[in-house]
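Work the whole structure out from these sequences, hints included.
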Amino acid sequence: MHDRPRLVGPAHFCQIAFSGQRTSMPTIQSICHWLQHTEWSQDVLQSSLLFPFIEGSHIMALAISVGLVLILDLRLLRIAFRGERVAVVMKQSAGLSMIGFGIMFLTGIILFVTQAEKAYNNRFFVIKMILILAAGLNAAWYQWKYYPSMDEWDQSENPPLGPRICAIVSLVCWAGVIGCGRTMAYEF
Amino acid sequence: MLSLHGLIDSFNQWCYQSPVLSVLRDTKLGIPAVQTAHLLGIMTVLGTTTVMNLRLLNLGYRELSADTFLPQVWTWFRRGLFLTLIAGFIVFLPDPVRYAQNTSFRVKMAVLAIAIAWQFTIFRKQVHSPPSASPTAKTVVISAVSMILWFGVGWCGRAIAFFG
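Chains as they are written, first to last, in our numbering: chain A, 1 to 188; chain B, 189 to 352.
It should be emphasised that the hints constitute simulated quantities derived from the structure, not laboratory data. This structure is a prediction, so every number in the text was calculated from the model and none was measured. Ideal placement from N, C-alpha and C gives every residue a C-beta, glycine not left out. Be a bit skeptical, because a hint or two may be false.
[As the list claims (entries may be wrong)] If the Cβ cut is set under 10 Å, some of the chain A residues that face chain B in the computed set are:
id	residue
1	E55
2	M60
3	A63
4	L74
5	G95
6	W144
7	C180
8	T183
Quick look at the structure:
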């Protein structure tokens, strides 16, 4: 008796994504289904050490990044570190913060792939992604709008409202990311 | 006279029968909300600990004066720790037996106790009188122990969900 050859990679994807569908385009749902059911993601998910290690690294990297962002936001809000220049705090935080974000995104993508379909159907995951996007846009807005003129208000006792709003948006977004990240696990 | 076992039994009974804790235990978003506060505290603790150690070791924040910068970061570390402990205790209360039986939780509590003791004695002294020149071997050891202990607490916390 001949077994059907086991399809892996793109062939397996096509088999799942297009099965029983009249449309020629795969849906996001079907892509997520394929991602979650690849041999690779199941191996990672069921690994007793690798999965906890990746999840732990995701949270530890988040702690470093968000911790450094907190220092900068507190300075922008003039709640702490008032004697230090914003430009200096920002410059000093940027490098390590980016390393933290890099690890967080890399491990986050692996975690997503292992549970892609569950995550796609989870409202807290969707909100988390929106908040990450909002935090990114907020940082880009700050860089574009306020960074070039920072010398003018850096050590002023009354900095413009804009940078302070950016700091509040940043804190709210990252607190929301943490909250949604924690809560989504309860709906898996 | 109440024995230690009697006290623990009474405490457990109170935890499982308290109406407030029942609401927290049985509401879908109750525990995740408190865990979020716990995590926000942990992020602050680990983030500020990293920043303080980077500055102590001259690996980061070099352009900021250690004398003024470090005590301020220390203040936020304490605030983060306060939030972590309060929220963590509220997460523990609704189901104390499950946590008490978890080996990772027990290890976490032990490491946490050592970390707090280390941070508020030896480490605190370094933060409030940082070495002026390049870090000494003593500073390197103090910082390394601090990082290992606090991130160890974090890893043990994650282990609760995966290992018994």
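Quick rundown of the hints versus the structure:
no.: 1; hint: E55; in the structure: holds, 6 Å
no.: 2; hint: M60; in the structure: holds, 6 Å
no.: 3; hint: A63; in the structure: holds, 4 Å
no.: 4; hint: L74; in the structure: holds, 7 Å
no.: 5; hint: G95; in the structure: holds, 8 Å
no.: 6; hint: W144; in the structure: violated, 25 Å
no.: 7; hint: C180; in the structure: holds, 9 Å
no.: 8; hint: T183; in the structure: holds, 4 Å
Checked against the numbered hints given earlier, this structure breaks only hint 6.
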